[in-house]
Structures are given as C-alpha cells and as structure tokens.
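**Q** For reference, the chains in residue letters:
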Amino acid sequence: MKPNKSALALRGLTKRFDRLAVDALDLTVRTGEFYALLGPNGAGKTTTLRMVAGLLRPDAGSVSVLGIDALADPVAAKQITAWVSDEPMIYDKLTPLEYLAFVAGLWGIDPEISEPSAHDLLVSLGLEPHLHERCEGFSKGMRQKVALAGALVHDPRLIILDEPLTGLDAVSARHVKGLLGDRVRSGCTVIMTTHILEVAERMADRIGVIASGRLIAEGTLSELRQQNGRNDTSLEDMFIALVDTEAAAA
Amino acid sequence: MSSSADLTWFARHEIRLAWREGLAMLTAGRKGRKRTAIIGLIVFAAIMHLPAYAVIGRFADLQEPLDKSTLIVITATILLAWALMLSQAIESVTRVFYARADLDLIMSSPVALANVFSVRIAAIALQVIAMALLLSTPFVDVLVIGGGWRWLAAFGVVVAIGLSAAAVAIAITVVLFRLIGPSRTRLVAQILAAVIGAGFVIALQIAAILSYGTLSRFAVLTSDAAAAFAPALDSIVWWPARAALGDGEALLGLLAGGLVLLGAVMAIFSPRFADTVVSASANPATAQQGLRTKAFRAGSRQQALRWKEFVLLKRDPWLLSQSLMQLLYLVPPALLLWKSFADSDAALVLITPVIVMAAGQLAGGLAWLTISGEDAPDLVATAPLPASRVTRAKIEVVLIAIAVIFAPLLMALAWAAPLQAAVTASGIIIAAASATAIQHWFRVQARRSQFRRRQTSSRFATFAEAFSSIGWAATAVLALALPVAGLISGLMTAAIIAVTWKISPRRD
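Each protein sequence line maps, in turn, to chains A and B. Following our numbering from start to finish, the first sequence increments by one per residue and tops out at 250. Following our numbering from start to finish, the second sequence increments by one per residue and tops out at 758.
Don't take every hint at face value.
Calculated pairs, EDC-like style, for lysine to aspartate or glutamate (alpha carbon to alpha carbon, straight line, at most 16 Å) [stated by the list, open to error]:
id: 1; chain 1: A; residue 1: Lys5; chain 2: A; residue 2: Glu163
id: 2; chain 1: A; residue 1: Lys177; chain 2: A; residue 2: Asp205
id: 3; chain 1: A; residue 1: Lys140; chain 2: B; residue 2: Asp625
id: 4; chain 1: B; residue 1: Lys564; chain 2: A; residue 2: Glu163
id: 5; chain 1: A; residue 1: Lys140; chain 2: A; residue 2: Asp110
id: 6; chain 1: B; residue 1: Lys284; chain 2: B; residue 2: Glu271
id: 7; chain 1: B; residue 1: Lys318; chain 2: B; residue 2: Asp525
id: 8; chain 1: B; residue 1: Lys544; chain 2: A; residue 2: Asp205
id: 9; chain 1: B; residue 1: Lys544; chain 2: A; residue 2: Asp232
id: 10; chain 1: B; residue 1: Lys544; chain 2: A; residue 2: Glu87
id: 11; chain 1: A; residue 1: Lys140; chain 2: A; residue 2: Glu112
id: 12; chain 1: A; residue 1: Lys140; chain 2: A; residue 2: Asp92
id: 13; chain 1: A; residue 1: Lys5; chain 2: A; residue 2: Asp23
id: 14; chain 1: A; residue 1: Lys140; chain 2: A; residue 2: Asp86
id: 15; chain 1: B; residue 1: Lys318; chain 2: B; residue 2: Glu499
id: 16; chain 1: A; residue 1: Lys140; chain 2: A; residue 2: Glu87
id: 17; chain 1: B; residue 1: Lys544; chain 2: A; residue 2: Glu198
id: 18; chain 1: A; residue 1: Lys140; chain 2: A; residue 2: Glu163
Derived from the structure by calculation, the hints contain no laboratory data.
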C-alpha cells in the first residue's frame, strides 16, 4: 500500500515558447510512487520536468515538491530533488569518483556518508574498473551511469529522469531499473519519461500520458485499460490510440 | 564514379564546408548576418590599412641591391609569418584527425581513401593560404601603392610559405602520432600550435634583452653581429626576401619548392592518413587516470565548486598551452627586470603594460572557461544554491588563478621598484576584473571544448575585452610615466567598460 501524501503537485503549470508547450497542466505524483510520464515527441514532457527541476521558469502555475513551493523556495526544493537528463552531462576531465564527490559537495553531504555511498553506487552500476579513469573516454552508456550515480549520491526524495535508459545496454538497463526500484521501495519517488513502453508497463505504479502540453490520460495500467474500454490491450496499443485520438481532436 | 570525378567532387565538398565554416565563424552561426559580416569584414580590412601603413609604409621604396641588415629583417618577418601559418596548420590538421563528424561516413564509403585524404591535405593548405592572404592584403596593398606593382609578388611568397607550412604541419602531426600516440598528440599539437608563433618573437626579444637591454627584436636583427653571422648576399636563404621584392626567379623557385614539399607530403602521408585517423577516432582518449587525491572533503558548496573549477582548469589542455604562452610572454619582461637589478635600467617601466595586458587576456579566457564553458549546466542549475553564489565561486576561481600566476613576478618587481609594483598590481586587478565582468555580461551556455569559437558568440565582447586589456595596460604605464595622461587613459577605458555593460544582454 503506497502512502498518499503528494511528492509533486503541479497546478495550472503553463509554459509558452513559440507555441504553447505546457498548457495549464495539473499533475499529482504520490510519495513513494514510480510514475511514468509518456507522450509523443514534442508533447511537453521534458519542458514539464525541467520546470519541476528548476531549470525553466513557468509562465504560470505552481510547483510543489513534498510540500515545498518550488517557485518561492527553489533552493529547499532542489535540496531534495535529483534531475537526470537524457543527454548525460558530466565533466570529461573528472573521474567518476571525483564527479560524485563534486555533486555531494554541491548538495552539502558529509563526506563520511557520501564517499562510501558513491563507491557503492558506482560499483553497483558496474563502473568499479573505471573509478579512477577520467570520463573523457567513456561511452554514452557509461556516462549515463555516472550521471545517474551523481543523481542518487545525495539521497534525493524525488528523482526526475528524462529518458534514463537511452544508450544503455540490456545489462546496464537492468542495473539501473534495479537501483530505481530499490529507491522506490525505500520511500523515494521516481518520475520518469520514457519511450520504452515495456519499462513503463513493468515498473510504473501509475502512468500519465501527455500530449500537446496536457494530461490526456492517467492511472495504473488496469485503470488505463478500463478507461480505454479494452482489458486485453497492451500499453503500446493504448498509447497509440490515445495519441491518435488527441491528434484528431486537435 | 571515376577516380578524377571522385577527387573533383570531394574537393568541391571540402571547399563548400570550409566556406560555410568560415561564414559561421563570422556570423556566429546566425542567419541574416551574412551581409553585416561581409560589410564588417570590408570595413575592418579598410581600417587595417592604417596600421599597415604605419608599420610597413616606409619600406615601400626598398630596391635591390639590399644590404644584409635589411635582408635579415625581411627574412625574419617572413619566417615569423611562416611560423604563424605553421601554428594554424597544425591546429587544422589536429582538427581533421579528431573531429569525427564526417570521417565515419568518408571511411565507410567506396572511394579511394588515399585520394580523399590528398584532397583534405590540399584543403588544409588552401585554408591556411586563404587566411594568410586575407591578413596580408592590407600590408601588400600599402607596399603596392607606395612602391609599385612589383610588390604584388609578396602574395606569391604568402602562397609559397603557406604550402610549405601546411606540408610541415602535416608531417609533424603524423610523426607525433607515430612517436607518442593519438591522445598525447592532441595535447602536444595544441601546445605546439599555441607557442610556435609566439616563441619566435619571444626568442628574438630575449636575445635583444640579453645583448642590448631592450625589448625591441629589431635591435638583434639589425646588429653587426647578426650581419656577420648571416650567409652571403647571393645565398638561397634570401630568396623569400628577394621574391617579395619582385624577383621573379626567386619567386618561381619558392613556389616550386612549396609545391614539391606539399606533393611529397601528400604522396608519403596520404596512404597512412587513413590509419592515423582511424587510430585517433578509435581512441579519442586513452583511459587517463585521475590523481587519487582526496576528492571527498568537508567544506561549503562554494568550496566544492571552486575545487571542481580548479581541477578542470588544471587538466585543460587549452589552459596549459595558454599559460605556457603567457609565461613565455613574461620571460622577456622578467629578464629585463633581472637585468635592471644590475643596470638600474629605465626600460623597466616597460614591463608593466606587458604584465597588465597578459593578466587581462588570461583572465578573459579563464572567465569564459569557468562561467560560459560549463559542461554540466543542468547539474549546477539544479544544485541547492542560488545562481549568484555559483557565479561568485566561479569568478573567485579566475581571480585566484590570476593572483597565483602573477604574484611571483609582482614580488620580484616590488623588490626592484615598489611604486611600480603597486601600480602594476592595481592594473592586474582592474584588467582581470574588467575582462571577467565582460565575460559574465556576455555569457552563453557552451561546452569547454568550444573554447576556440568563443569569439564568435559575441564579436562585441571580444573587441571590448581586447580594448579593455590594452586600455588598462596603457593606463598603468602612463600612470607611472605621465600621471595626467594615465588618468585620461583610465577614464577612456572605464568608459569602454561602461558602454560594454550598457550594450550587454545580461546586466546583472
């Protein structure tokens, strides 16, 4: 049984660039929940999550992270949040351990806690042979793992991941999924965008489908099936049907 | 497709790419700026005729026969131009090896790689020559206007030395690959490219100081000692100088020599170019071990940021080469300083502008690397500390680095001339702060590897930074020699900074 306190509450969140990217979005993610945010390219998923992470200022609306008003007190919200983008941004000239030391320092974590934690995280992601190598020669998958370890080293309460499995091989993807599953079981909240619908189907407690900056469907897999009126359909079929319907309506 | 068709097609492709890259450098990659860029370039070229006239105008009447001193000065100037071209060519060759943008495509295509790389080598030579022709045009124009059509032969000399510079650059880089491997070659080539041109001038300055106690390199070149060591007047060594003066035979010899050299390099290295490129791209960076220093340490968040910036600066090849260059530039004034202890030389005052200028320039580069060149912007932006504190920590890093680099020289200066040291220290602080402020106002998000193109993001910021460094250097030296003029120069430079701030997009 999952607790019902909200880890993330978005109300009327709006962002416009050349066109409306996020359209008065209301979204609630509960504490300790694994939430998958799906949507076609350009639907507004990344823009939404960047606003939650404090990387973009919304034009209107509110963002509450575990009860903290993230727009009024961004530093407090950032202290308990981690963000991992689809393009792993790390420092080529640092080693994975140095990178994690830097992240821990930025979040003000005691080295006595962060050092063993960093080591364990990197080992669990299969990076033990590369702990003291500079990241400049790393593959995209290895860089993604370092970035993910960086996001977890400060023990965030809310983890936001934008396409975290892109570029990972099957073994690494399983490692990452295992790590995220462990975090959720320990009470952490994970919000993830993905185009790999099997991952959402298997891992997510609830799934939100976003299109044209609006939430067009939300619920557990079975709730989505009920909403769709077909109990035997796959998430992929439902997703395509939902997006097609939305596109036709637009 | 036939082999010759391959070559023609690929040559066209290379020229198109080079043209677009050049245009992007001028327009900062923004559409609709093409006309402005071309007009700006023409205006700049026209303005450049003034300093060209000031520097070279008096030599337009030079006629054969020339004495040895004149031949030495002309030959040394051509040698300096060649060194600068070599520096640019090494950089171009390194880019061809390491920029993988189209190499996978080319190498997986069914064309003969030796031919393709011959074209690419020729393209490097063309690029170097085109840039050199562009830069030399105002100078040659001044000579042609003042001394007649014969000076047009100087363009031929530019082409000939461009050919040989490209050939030597390719040979050096490929040999470096064989000797020290791909990852070290990148670093060594970057450092070589940075210091080759400057090294030549600095070596002459050092010789001048040691022999004549002056910073002027002409003192060495026009000395009796140089004339005594120089070869006879009919030596082949003077061909470049004679060719520039319009000697057709010497010019033809020079052009033929350049072409033969480039042809030989193409023949020898083109078939191996593919192997070299493969080893560079397959091994973009060997696993470099980081020093096992204590990365996890207690401290504030700003301390963490400063630590990260210092580690990245320490491991940055650009910074390494630039610091080496700044240190090289500082060798002549340091020598002058050392000599002045014995001689009480009044020329000591000349080192102040050199130091202030170097501080401003280095601070500008460092500020770009720390403020704009952030490789993990999302990480820093999502960290729980206000943006102002992030910026402050980064600026502190720049100022600390400048202090560490220039403190030893200032201490030595304080021993010799305390007042001058105080003025120089003030100049360093103001020049470094101004350059950092300009970089802060014009900051853009970029990767550190884009450093080479930092000037393209804002031409205005680039010029403002240069004028600020020059202005504060002039102010410092005038403050020592003629305080009223120093005050005027300081006010003018402050006005430049104020206008820059007013125009800048981020005035916080």
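**Q** Next, verify each hint and record whether it holds.
**A** Now for the hints, and whether the structure bears them out:
1. The hinted pair formed by lysine 5 of chain A and glutamate 163 of chain A fails the criterion: a straight-line CA distance of about 26 Å is larger than 16 Å.
2. As the CA atoms of lysine 177 of chain A and aspartate 205 of chain A are separated by approximately 14 Å, the hinted pair is consistent with the 16 Å bound.
3. Restraint check: the Cα-Cα separation between lysine 140 of chain A and aspartate 625 of chain B comes to about 15 Å, which is no more than 16 Å; the hinted pair holds.
4. Between lysine 564 of chain B and glutamate 163 of chain A the CA atoms are separated by roughly 33 Å; this puts the pair beyond 16 Å, and the hint is violated.
5. Between the alpha carbons of lysine 140 of chain A and aspartate 110 of chain A the distance comes to roughly 30 Å, so the proposed pair goes past 16 Å and is violated.
6. Taking the CA atoms of lysine 284 of chain B and glutamate 271 of chain B, the gap is near 12 Å; set against the 16 Å cutoff, the hint holds.
7. For a cut-off of 16 Å, the pair hint linking lysine 318 of chain B to aspartate 525 of chain B is broken: about 47 Å separates their Cα positions.
8. Straight-line distance between C-alpha atoms of lysine 544 of chain B and aspartate 205 of chain A comes to about 41 Å, which puts the hinted pair past the 16 Å bound.
9. Under the criterion of a C-alpha separation no larger than 16 Å, the hint pairing lysine 544 of chain B with aspartate 232 of chain A is inconsistent with the structure, at around 56 Å.
10. For the suggested pair lysine 544 of chain B and glutamate 87 of chain A, the alpha carbons sit about 28 Å apart, so the restraint of at most 16 Å is broken.
11. At roughly 30 Å between alpha-carbon atoms, lysine 140 of chain A and glutamate 112 of chain A are farther apart than 16 Å, so this suggested pair is violated.
12. About 12 Å separates the Cα atoms of lysine 140 of chain A and aspartate 92 of chain A, which keeps this hinted pair within 16 Å; it holds.
13. Among the hinted pairs, lysine 5 of chain A with aspartate 23 of chain A is inconsistent with the structure: their alpha-carbon atoms are about 25 Å apart, more than 16 Å.
14. A hinted pair counts as satisfied when its Cα atoms are at most 16 Å apart, and lysine 140 of chain A with aspartate 86 of chain A qualifies at roughly 10 Å.
15. A hinted pair counts as satisfied when its Cα atoms are at most 16 Å apart, and lysine 318 of chain B with glutamate 499 of chain B does not qualify at roughly 20 Å.
16. Taking the CA atoms of lysine 140 of chain A and glutamate 87 of chain A, the gap is about 9 Å. The hint holds against a cut of 16 Å.
17. For the hint linking lysine 544 of chain B to glutamate 198 of chain A, the alpha-carbon distance of about 42 Å lies beyond 16 Å, and the restraint is violated.
18. Note on lysine 140 of chain A and glutamate 163 of chain A: the hinted pairing holds, with a Cα-Cα distance of about 13 Å set against a maximum of 16 Å.
Violated hints for the displayed structure, listed by number in ascending order: 1, 4, 5, 7, 8, 9, 10, 11, 13, 15 and 17.
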